[in-house]
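Residue numbers (our numbering), protein chains in the order written: chain A, 32 to 366; chain B, 32 to 366.
Keep in mind that the hints are not guaranteed to be accurate.
Claimed, not checked - So these bits of chain A aren't anywhere near chain B, every CB distance computed over 10 angstroms:
no. : residue
1   : L60
2   : D65
3   : A73
4   : I77
5   : H141
6   : S185
7   : V281
8   : P284
As the list claims (entries may be wrong) - Examples of chain B residues lying across from chain A (beta carbon under 10 angstroms, computed):
no. : residue
9   : I63
10  : T171
11  : G216
These aren't lab readings, by the way, just hints derived from the structure by calculation. Just so you know, even glycine gets a beta-carbon here, dropped at the ideal spot from N, CA and C.
There are 2 protein chains.
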Amino acid sequence: MIDEPSSTSAEDRLIARYFRPLAKHPGALALIDDVALLTPRAGHDIVLTTDAIVAGVHFFPDDPPDMVAKKALRVNLSDLAAKGATPAGFLLTFALPTAVGDGWIERFAHGLGADADAYGCPLLGGDSVSTPGPATISITALGTLPQGTMVPRSSAGVGESIVVTGTIGDAALGLLLRKEMANTGRWRLDAQQQSLLIDRYLLPQPRNPLAEALRLHASAAMDVSDGLIGDLAKLCAASGVSAEVAIKNVPIPDAAKRVLAADPTQMETVLTGGDDHEIVCTVADDRLESFRAAAVAAGVPVTEIGQITAGKGPPRFVGRDGQPMVFKQTSFSHF
Amino acid sequence: MIDEPSSTSAEDRLIARYFRPLAKHPGALALIDDVALLTPRAGHDIVLTTDAIVAGVHFFPDDPPDMVAKKALRVNLSDLAAKGATPAGFLLTFALPTAVGDGWIERFAHGLGADADAYGCPLLGGDSVSTPGPATISITALGTLPQGTMVPRSSAGVGESIVVTGTIGDAALGLLLRKEMANTGRWRLDAQQQSLLIDRYLLPQPRNPLAEALRLHASAAMDVSDGLIGDLAKLCAASGVSAEVAIKNVPIPDAAKRVLAADPTQMETVLTGGDDHEIVCTVADDRLESFRAAAVAAGVPVTEIGQITAGKGPPRFVGRDGQPMVFKQTSFSHF
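Extracted from the complex, chain A is given alone in its bound form (with noise of 0.2 angstroms):
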């Protein structure tokens, strides 16, 4: 099927009934018009981000749909939050099957304008499409931050330490879960662990309420979504650096200290698997403690992993026998 006139009529009904409602910013133009409006602010840069996600390759096709939705809005808000950026407001797009009905769709809505409103970021417009393929959403995100202060990827110095938010390695044992319920039981969780590790899976925690902390004090930083070993590699590459890091002082939750315990090999999947959607950022020895301080105000758990070095290799992880720990499958693999 190709274009069908008709189509038309069902998007305008679906995008009065269930996204008309979440354009509230002036800038949508109450979704009339083809496109958005943005005045600037005097002063101010403005970050982009886009990131998709595809049922079946990033989401599960029966994961609830508010939390989808939540997660495709999240990713994005995510990346904003590394960067040191305070949401604007973004644009979607989706590609749906037919079979989607609207109740989905309603649902979609429903969890998409919640989240909009906990991160101060507006739908400002879209585009929605058929497929016959899987549902596909696609989101462009906008910030905005004061002119030059953006928190590149490219910038860590020697010598300088490497911070993480929050706890990493959740998100992707909760996706083991999520996969074999039977890892449940191989792993001894009970039933509160496992509904956390899948929690975290379902629904990034992004770090927004960080972003000015990570602009006045930290010198490069980027999401953690493809685990904490690729990522932390590639910023090291981007920044000509390499970096040292202690395994004993990453942030791993209690439940995932629990899988360890049945399974030491999970150390893999909680420093490779990713979606974590937290933030590794590096931070100069003088500004270490205000970054702490502002961290503490802003209500996000940071906690020093190492330091970045010279040298260009890739970051070594050292375990607790002091020898670096060698994993046979890393997001980092074509370095």
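Model the placement of chain B on the given structure of chain A, informed by the hints.
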């Protein structure tokens, strides 16, 4: 398959080889960050638009990949043109099936780069994901214009002239030819006419050179993408007005006239089929002469096809017999 870590390196390789050379704008940060950075021009607004195209829905899977890339960008450029905005850059998200090989991506990137240069709209960033479904390309384009000068859809005034650019209906007929080549004989087209119509479907010609003229002289404007009848109805509805259009004034190219001579029922395709990516706008009497002169200077043919009228009904399209035409299926069937 969910989130194979190894896909990251394939993605990095792909981006480095084919897309980094396109990221010449400093705000693209050479695609090494997850974001793009724009410093807005002082006193200017930002116009944002997003449009997705799906293989098997908006293009044929065997369309040339460079044409697919150009189409994906041009449908967005057309929206910027209609609002009077100058292109500033774009973000690209593509979900590709694994069967799409490097050769396809190389040709896609080549077409994209050529149009990015031709239209002054550089690649700023993006995301690539794998999909078990059809190739899906989503572009978010940004434009700029002096603050407060965007040409909305909602401000057409009674008595204003309705003007369209270029010609209407070629692309919709081209789609019917692309779907069924036997139509060429049925409609008594020669090879040149056939390829002219098909090319218009494959490759929109957005009217970006007209942007300034629209900003200076038009009251309301929009991109004609879902058929002239339906889109003019949307413009009228947004403006709280109606319209009267004389069919004899609608600019229909010679090849389409040949089709209509062979099969008069194809008038419905011409007026409702869509994919024109021309601009329909309204111009007040005292601006009409200046607008015409600016369009000539910009090299964009424009034609007056009717007037905005008072009332709230859908536009009347009046045939040669003086009677309003009625179509079985129009994209404004929801009114």
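Now the hints, each set against the structure:
1. At roughly 7 angstroms from the closest C-beta of chain B, the C-beta of L60 of chain A falls inside 10 angstroms, breaking its exclusion from the interface.
2. D65 of chain A, annotated as away from the interface, has a beta carbon of chain B within 10 angstroms; the closest lies near 5 angstroms.
3. Look at A73 of chain A: its CB is around 7 angstroms from the nearest CB on chain B, not clear of 10 angstroms, so calling it non-interface is violated.
4. With a closest Cβ-Cβ approach of about 4 angstroms to chain B, I77 of chain A is found to fall inside the 10 angstroms limit, against its non-interface label.
5. The claim that H141 of chain A lies off the interface holds: its Cβ sits roughly 22 angstroms from the closest Cβ of chain B, which is beyond the 10 angstroms cut-off.
6. At roughly 6 angstroms, the least C-beta separation between S185 of chain A and chain B is not larger than 10 angstroms, which violates its mark as non-interface.
7. No Cβ of chain B approaches the Cβ of V281 of chain A within 10 angstroms, the least distance being about 17 angstroms, so the stated non-interface status holds.
8. The Cβ of P284 of chain A lies farther than 10 angstroms from every Cβ of chain B, with a closest approach of about 20 angstroms, so its non-interface assignment holds.
9. Interface hint status for I63 of chain B: upheld, as the beta-carbon distance to the closest one in chain A is roughly 5 angstroms, under 10 angstroms.
10. Given hint, T171 of chain B at the interface with chain A, holds; its Cβ is 4 angstroms from that chain's nearest Cβ, closer than 10 angstroms.
11. Nearest Cβ of chain A to the Cβ of G216 of chain B: about 21 angstroms, over the 10 angstroms cut. The hint is violated.
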